[in-house]
Amino acid sequence: MKEKLDLLPGSLDLLVLHTLASMGPMHGYGIARRIEQVGADTLILNQGTIYAALVRLLQRKWIEAEWGTSENYRRARYYSITARGKRQLASETETWQRMADLVKRVLDAAL
Amino acid sequence: MNLPTFLDRLFARICAVFDSRRLDADLDEELSHHLQALVDDNIKSGMEPDEALRHARVTLGGVAQLREIHREARGIAWFEQWQRDLHYAFRLFRREKGFTAVAVIIVAIGVSLNTTVFSLVNTVLLRPMPFAQADRLVWITNGDPHAPLSGATSSIDTWEGLQEMSRSMDRIEGYSPFSVLQTFRLTGKGDPETISSVTVSHGLFGMLGVQPQLGRLFLPEDALKNAPFRVVLTHRLWLRRFGADPGIVGGTVQINDAPAEVIGVLPAADPFSSVFFPAVPVDFYSAVQNDIMRGDGNTLFLIGRMKPAITQGQVEADLPLAIAQIKKKYPSRGQYMAAVGEPLHDWVAGGLRKPLIFLWVSAGFVLAIVGFNLGGLLLARGGSRRREMALRMALGASRGRIIVQLLTECLGLVAAGSLLGGIVSWGFNGLLSTRAAVEIPLLQYLRLDGTSLAYTVALCLTTAIICGVALAWKLSGGWQMQNPLNEGSKGTSGGPGRSRTRNILVILEVALAFSLAVSATLMVTSLRNLLKVDLGFRPADLVAVRVDPPVQASQAAYIESALDRVRALPGVLQAGATDCIPVERDRSWPLYPVVPDKPNDQRWQGAHVRIVSPGLIRAMGTSLLSGRDFERSDEKGPPVIIVNKTLATHMWPTSEAVGHQVHFPPPIGGDNGVTMTVIGVAGDVLSAGPEQPAGGEFYLTLGQFTYSASWDLMVRTKLPVAVLTAGMRQTLGSLDPNLALTKAREMQSIVDRTLSSRRLLASLIGGFAAVAIGLCLLGLYGVVSYMVAQQTREIGIRMALGADAAGIQRDILGKTLALALCGLGIGLCGSVLSGFLLRSLLYGVSPNDATVFALAGASLLACAIGAGYLPARRASQVDPAVALRAE
Chain Z
1 MKEKLDLLPG
11 SLDLLVLHTL
21 ASMGPMHGYG
31 IARRIEQVGA
41 DTLILNQGTI
51 YAALVRLLQR
61 KWIEAEWGTS
71 ENYRRARYYS
81 ITARGKRQLA
91 SETETWQRMA
101 DLVKRVLDAA
111 L
Chain Y
112 MNLPTFLDRL
122 FARICAVFDS
132 RRLDADLDEE
142 LSHHLQALVD
152 DNIKSGMEPD
162 EALRHARVTL
172 GGVAQLREIH
182 REARGIAWFE
192 QWQRDLHYAF
202 RLFRREKGFT
212 AVAVIIVAIG
222 VSLNTTVFSL
232 VNTVLLRPMP
242 FAQADRLVWI
252 TNGDPHAPLS
262 GATSSIDTWE
272 GLQEMSRSMD
282 RIEGYSPFSV
292 LQTFRLTGKG
302 DPETISSVTV
312 SHGLFGMLGV
322 QPQLGRLFLP
332 EDALKNAPFR
342 VVLTHRLWLR
352 RFGADPGIVG
362 GTVQINDAPA
372 EVIGVLPAAD
382 PFSSVFFPAV
392 PVDFYSAVQN
402 DIMRGDGNTL
412 FLIGRMKPAI
422 TQGQVEADLP
432 LAIAQIKKKY
442 PSRGQYMAAV
452 GEPLHDWVAG
462 GLRKPLIFLW
472 VSAGFVLAIV
482 GFNLGGLLLA
492 RGGSRRREMA
502 LRMALGASRG
512 RIIVQLLTEC
522 LGLVAAGSLL
532 GGIVSWGFNG
542 LLSTRAAVEI
552 PLLQYLRLDG
562 TSLAYTVALC
572 LTTAIICGVA
582 LAWKLSGGWQ
592 MQNPLNEGSK
602 GTSGGPGRSR
612 TRNILVILEV
622 ALAFSLAVSA
632 TLMVTSLRNL
642 LKVDLGFRPA
652 DLVAVRVDPP
662 VQASQAAYIE
672 SALDRVRALP
682 GVLQAGATDC
692 IPVERDRSWP
702 LYPVVPDKPN
712 DQRWQGAHVR
722 IVSPGLIRAM
732 GTSLLSGRDF
742 ERSDEKGPPV
752 IIVNKTLATH
762 MWPTSEAVGH
772 QVHFPPPIGG
782 DNGVTMTVIG
792 VAGDVLSAGP
802 EQPAGGEFYL
812 TLGQFTYSAS
822 WDLMVRTKLP
832 VAVLTAGMRQ
842 TLGSLDPNLA
852 LTKAREMQSI
862 VDRTLSSRRL
872 LASLIGGFAA
882 VAIGLCLLGL
892 YGVVSYMVAQ
902 QTREIGIRMA
912 LGADAAGIQR
922 DILGKTLALA
932 LCGLGIGLCG
942 SVLSGFLLRS
952 LLYGVSPNDA
962 TVFALAGASL
972 LACAIGAGYL
982 PARRASQVDP
992 AVALRAE
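Residue numbers (the working numbering), protein chains in the order written: chain Z, 1 to 111; chain Y, 112 to 998.
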């Protein structure tokens with residue numbers, strides 16, 4: 001079995017934004033589970049750290065939060081992406097992909 | 112990240128710091144929801160409940176740690192860290208109450224002194240005066256601003272001429288400094304009372320921006336020759352005499368048995384009198400009536416306001432030009448006029464600049480001593496915390512974190528001390544501002560304002576940072592040289608670097624305290640020298656009782672019969688009357704000696720004039736060097752005069768003055784002047800106080816003058832003032848039932864008032880020195896005690912080997928004295944410097960006076976011995992067996 005990956009700094013915020021953009025409003029547990037599902041076995045996610053990422057995004061007004069009731073009838077906080085967050089996601093996704101392409105090209109050429 | 116996003120996040124972070132509790136609760140709720148959801152899922156996938164919970168906890172992560180990460184992400188980490196440091200510091204302070212109390216009190220002493228002195232400096236020197244456009248006001252004198260009053264003031268003619276001719280001045284107003292010495296009898300409802308007033312030009316208050324509390328101020332029509340007598344009451348008279356009755360405005364009061372119309376009342380804060388007449392209680396103001404005062408010679412001090420965009424230099428050039436034009440246009444006004452302008456603030460505060468700045472520097476010295484002392488205390492306490500620091504660093508705390516932690520503790524101590532000091536200073540300010548007898552302008556305006564508070568905060572921060580950083584550097588760095596974790600065995604005694612630092616600190620304390628002690632001794636010696644100066648009269652056992660004869664009475668007859676009755680009172684040794692108390696009143700008249708064969712040789716000069724009753728010179732205790740005193744029979748005889756020694760030698764250097772004649776030009780003595788024969792020569796009186804040399808003086812007798820004035824009965828008696836006035840009221844009641852006799856003063860207090868600001872300065876510097884020596888004592892005691900504690904083992908060994916207790920004691924005391932002597936050596940240089948700064952404030956003592964230095968040095972050495980004695984005794988009582996076993 002391959003060794004699991006730690007997230008690169010800043011990438012958790014991007015993943016959270018993307019999840020909210022594609023899945024609509026979700027609570028913290030939902031976001032964490034979704035990211036783990038997509039990442040399958042390749043990712044180590046200390047699920048609690050998602051809340052630090054959420055507060056950072058909230059403070060930048062890229063997402064908003066609202067208290068609601070979860071599927072099992074408990075009080076939970078639902079997050080949703082804002083217009084500003086969508087713009088940020090678009091630009092960051094592009095940057096990220098350009099960076100990944102660049103790294104891939106350099107590494108491919110080296111051999 | 113763009114700017115709005117950045118600002119949103121910054122704002123949110125700042126808010127988060129203050130909303131921590133709510134945010135933490137929210138997070139806790141989310142985490143518990145998360146945990147519960149995990150547990151539910153785990154159970155669904157078939158785990159046992161226990162296993163499910165354990166697994167969920169692992170997946171989520173530690174709650175405490177998550178909370179920490181969350182806080183760091185949402186808030187300002189260093190601020191919250193700092194809050195925790197502060198919290199920790201307060202826990203420490205609660206544990207070490209003794210140390211905390213001493214540190215806080217030391218800081219409070221330093222801060223309260225500095226804040227008070229700064230408030231004084233700020234009030235008198237820095238802050239603009241409480242007048243409208245204060246920076247544009249100019250003080251205009253008749254040539255030499257430091258001349259006696261009659262030479263420095265200007266005449267009505269000069270004033271009107273300047274108003275007409277000056278092109279740099281917007282307005283010129285004035286007041287009569289002589290008017291304040293004239294008193295009036297206030298009769299009507301209630302007991303008769305003696306009150307004083309100042310005569311001001313009708314526009315003066317308007318120019319200065321003084322507003323009435325009730326009614327109005329003076330108008331041009333109040334200055335006309337036939338205007339009714341109108342007065343503006345001060346707040347204190349209104350309160351005291353009229354019970355703050357607003358109906359008084361528009362009514363009349365009886366002043367000198369004539370009705371005076373009250374047109375207004377001033378507010379409680381009277382900037383005019385607090386600037387120009389500190390220490391004089393002014394009761395009312397009246398308006399200058401130009402045509403009535405025109406013949407009185409120089410009577411006015413002038414204050415001008417510069418036109419906009421005019422500079423001080425242009426004023427200085429313009430005023431002499433204006434004077435030249437006046438002389439050309441109105442030759443009849445005489446040639447003896449001049450005009451010199453200087454910024455009003457310079458004139459008001461100029462004399463206090465040096466003493467106040469010196470005081471400021473001295474207060475700074477005290478603060479430095481406080482800082483060194485606090486540094487020493489913190490270092491000593493730091494000794495017991497080295498292990499704590501080393502442990503924290505070993506566990507990964509950075510040096511920066513430790514420095515911030517120690518700095519926070521230091522700041523907490525200093526802030527508490529500063530707060531206490533600020534409160535004490537507030538009290539000091541209140542106390543000083545009500546010292547009505549101290550002649551410091553604006554003293555009533557002394558208070559803790561924003562500037563003083565900002566200064567205090569700056570002082571507090573500087574002290575904390577200097578002490579804290581030095582301490583933290585020492586403590587957090589020391590562990591690298593030797594590992595304090597191993598120090599438990601006390602094999603080595605303390606860090607050598609740390610005790611060296613403490614020695615240096617205490618040496619500096621001694622040095623600063625020594626130079627303060629020298630300054631204080633110099634100031635106190637000067638004051639004592641001044642108090643010993645022979646004034647030419649004996650102020651002790653002399654009482655001045657103010658009497659304002661009824662206007663219609665014959666002044667001479669009234670005063671003579673009053674004197675006869677007073678002299679008959681039991682306990683009265685001598686009595687006389689004068690219109691001019693030396694030290695208090697400054698007035699000169701021109702006169703010249705008559706040279707029989709050269710009638711046109713009129714080399715006149717100004718000299719102090721006192722109009723007196725027969726017997727006054729003797730009652731004052733002034734010696735009569737030759738000739739005779741006035742007699743009652745002189746009233747009907749030819750005009751006679753008594754001159755003082757200085758005037759006599761000046762006018763007739765080679766011959767005896769008695770028998771010569773002097774002449775007074777008009778208006779004195781009528782339109783042709785008057786010629787008088789010298790009948791006596793009196794000893795010199797220092798009429799401007801002990802610091803000024805004697806000038807020319809002469810005495811005229813009241814019997815030969817039809818002159819309406821306020822008189823002081825100078826009574827030589829050992830009776831208390833109250834007993835004397837009670838007796839006088841009884842015996843004078845039949846002569847004049849309306850006599851007030853409410854202004855009876857000891858001559859000594861009048862003399863003391865001229866020394867009041869010097870006395871205040873000397874007592875402040877003396878207080879500073881006492882505080883400094885006290886702090887030094889504490890500092891030395893701390894260092895020596897620490898030394899003894901560190902060397903207990905060594906002392907134990909020495910005693911076990913046969914050293915005697917006396918030898919140990921001598922040794923410790925010797926080390927204490929060595930520290931003190933090092934300090935004295937350094938302090939010597941500082942003292943020479945501060946003596947140099949002080950030299951213009953000294954009287955009769957050289958700034959390098961050996962006795963002063965010896966005295967100050969001896970007091971510090973005595974303090975060193977005092978500080979070393981207890982630890983030395985403790986050292987000599989060390990039981991070798993106990994000391995060695997304790998290790």
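Calculated from the structure, these hints are not laboratory results.
Every residue, glycine too, gets a C-beta built ideally from N, C-alpha and C.
Treat each hint with caution, since some may be false.
To be verified - Reference listing, derived: stretches of chain Y covered by chain Z, where coverage requires no fewer than 3 residues with Cβ under 8 Å from a Cβ of chain Z:
no. : stretch
1   : 335-348
2   : 650-660
3   : 803-810
Unchecked claim - Cut-off 25 Å, straight-line C-alpha distance, at most; resulting in silico cross-link-like pairs (DMTMM-like, lysine to aspartate or glutamate):
no. : chain 1 : residue 1 : chain 2 : residue 2
4   : Z       : LYS61     : Y       : ASP135
5   : Z       : LYS61     : Y       : ASP560
6   : Z       : LYS86     : Y       : GLU191
7   : Z       : LYS61     : Y       : ASP130
8   : Z       : LYS61     : Y       : ASP255
9   : Z       : LYS104    : Y       : GLU191
10  : Y       : LYS438    : Y       : ASP255
11  : Y       : LYS465    : Y       : ASP402
12  : Z       : LYS61     : Y       : ASP137
Regarding the pair LYS438 of chain Y and ASP255 of chain Y, is the alpha-carbon distance no greater than 25 Å? With a Cα-Cα distance of about 19 Å, the restraint between LYS438 of chain Y and ASP255 of chain Y holds, given a limit of 25 Å.
For a C-alpha distance cap of 25 Å, please report whether LYS104 of chain Z and GLU191 of chain Y respect it. Roughly 42 Å between the alpha carbons, so the hint for LYS104 of chain Z and GLU191 of chain Y is violated.
Could you grab the alpha-carbon distance between LYS465 of chain Y and ASP402 of chain Y and see if it respects the 25 Å cut-off? Not satisfied, since the Cα-Cα distance of roughly 41 Å exceeds 25 Å.
Is the hinted pair LYS61 of chain Z and ASP135 of chain Y satisfied, with a Cα-Cα distance of at most 25 Å? holds (20 Å)
Under the criterion that the straight-line Cα-Cα distance not exceed 25 Å, is the pair LYS61 of chain Z, ASP137 of chain Y satisfied? The given pair, whose Cα atoms are some 18 Å apart, holds under the 25 Å limit.
Taken at face value, is the distance from the CA of ASP560 of chain Y to the CA of LYS61 of chain Z at most 25 Å? Distance of about 43 Å is beyond 25 Å: violated.
Counting residues of the stretch 335-348 of chain Y that have a beta-carbon nearer than 8 Å to any beta-carbon of chain Z, does the count reach 3? violated (count 0)
Given the hint that LYS61 of chain Z pairs with ASP255 of chain Y, does the C-alpha gap stay at or below 25 Å? This hinted pair is violated, its Cα atoms lying about 74 Å apart.
Chain Z over the stretch 803-810 of chain Y, status - at least 3 residues with CB closer than 8 Å: Contact hint for the stretch 803-810 of chain Y vs chain Z: violated, 0 residues under 8 Å.
Is the Cα-Cα distance between LYS86 of chain Z and GLU191 of chain Y 25 Å or less? The hint is violated at about 32 Å.
Given the hint that LYS61 of chain Z pairs with ASP130 of chain Y, does the C-alpha gap stay at or below 25 Å? At roughly 18 Å apart (the allowed maximum being 25 Å), ASP130 of chain Y and LYS61 of chain Z satisfy the hint.
Count the residues of the stretch 650-660 of chain Y with a beta-carbon closer than 8 Å to any beta-carbon of chain Z: does the count reach three? violated (count 0)
Checked against the numbered hints given earlier, this structure breaks hints 1, 2, 3, 5, 6, 8, 9, 11; the rest are met.
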